[in-house]
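Asks: Single-letter residue listing:
Protein chains: 2
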Amino acid sequence: MAQQQVLFLDDLAVGEEFHSAEHSLTETQINDFARQFDPQPFHLDNAAAKESFFQGLAASGWHTAAITMKLLVSSLPLGSGIIGAGGEIQWPRPTRPGDALRVISKVLEIKPSRSKPDRGIVTVECLTRNQDGDVCQRMEIRLLVMRRPEQ
Amino acid sequence: MAQQQVLFLDDLAVGEEFHSAEHSLTETQINDFARQFDPQPFHLDNAAAKESFFQGLAASGWHTAAITMKLLVSSLPLGSGIIGAGGEIQWPRPTRPGDALRVISKVLEIKPSRSKPDRGIVTVECLTRNQDGDVCQRMEIRLLVMRRPEQ
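Residue numbers (the working numbering), protein chains in the order written: chain A, 1 to 151; chain B, 1 to 151.
Worth double-checking, as some hints may not be accurate.
Any copy, or any two copies together, can satisfy a pair, since identical chains are not distinguished.
Stated by the list, open to error - Here are the computed lysine-lysine pairs in the DSBU-like style, where the Cα-Cα straight-line distance is at most 30 Å:
{"hint": "1", "residue 1": "K106", "residue 2": "K116"}
{"hint": "2", "residue 1": "K50", "residue 2": "K116"}
{"hint": "3", "residue 1": "K111", "residue 2": "K50"}
Hints are computed from structural coordinates only; laboratory data are not their basis.
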């Protein structure tokens with residue numbers, strides 16, 4: 001892999017895309033996360049999950065969101081880090097054991113701050129897709145991005 | 001604790017509130033989550049965090065979201081489980097080691113489904129507050145809630 005360039009506010013352009021590596025989701029990961037943060041039968045137990053709304057074991061949406069963040073941190077090389085102010089999130093379909101997830105991020109808007117000239121808010125769409133290309137999570141997140149520090 | 005009543009769509013009322021137990025956030029928890037899902041210096045290393053935007057170690061926003069889900073699962077006793085379709089999330093301030101987090105959930109809207117009479121979408125505001133009452137996360141989440149199954 002080529003050396004990764006570190007990006008600041010002025011380096012970004014609307015429409016620019018970033019593609020992540022893949023994360024392989026396992027049943028053990030789904031169960032471990034659920035035990036800690038979302039202990040519901042359809043995330044913990046195969047038999048109970050089959051009888052549930054999800055019709056089979058599904059990861060917690062917050063697990064999908066956390067994996068998305070991991071993939072984002074390694075694919076969107078912001079010099080000031082990935083600092084989220086907030087956003088909108090949807091889970092059109094669950095993620096499952098065996099899924100290979102990847103994140104495609106696209107810059108939607110760049111708004112320099114009026115009051116703080118060293119920074120801006122960048123809105124990024126992050127689509128988390130499985131191995132079939134299905135969108136399992138759609139997020140529009142507002143990131144705080146700094147301008148390149150003066151040398 | 002009194003026996004918890006299980007709630008379905010018709011049992012909920014706009015304005016109704018649910019209060020969670022507390023979760024004590026530790027530095028170890030913050031580091032463990034960050035190593036797995038958000039490996040950035042301000043979530044992993046005290047010294048680096050002091051020099052960062054956060055001016056001290058802060059939990060990943062997704063960690064705060066995951067803890068919120070845990071507190072929600074044990075405080076909002078929906079008979080069909082907590083099934084999120086999506087929502088809007090904001091992190092007005094970070095969560096820190098030593099914080100005692102709790103979630104106050106309020107029903108904002110109840111929309112029976114037109115096409116599927118056995119269910120509806122309930123919008124719930126979840127405020128995650130620290131021990132000083134500061135809101136660290138505000139979420140408006142759309143939950144799929146089933147009607148009570150016929151006997």
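Asks: Each hint: holds or not?
Replies: Tested hints:
Taking the shortest Cα distances, K106 and K116 sit within 30 Å of each other inside one copy (24 Å), while across copies they are farther apart (35 Å). Taking CA atoms no more than 30 Å apart as the test, K50 paired with K116 passes between copies only; the shortest distance there is 21 Å, against 52 Å inside one copy. Only between protomers do K111 and K50 lie at most 30 Å apart by alpha-carbon distance; the minimum there is 27 Å, versus 46 Å within a single protomer.
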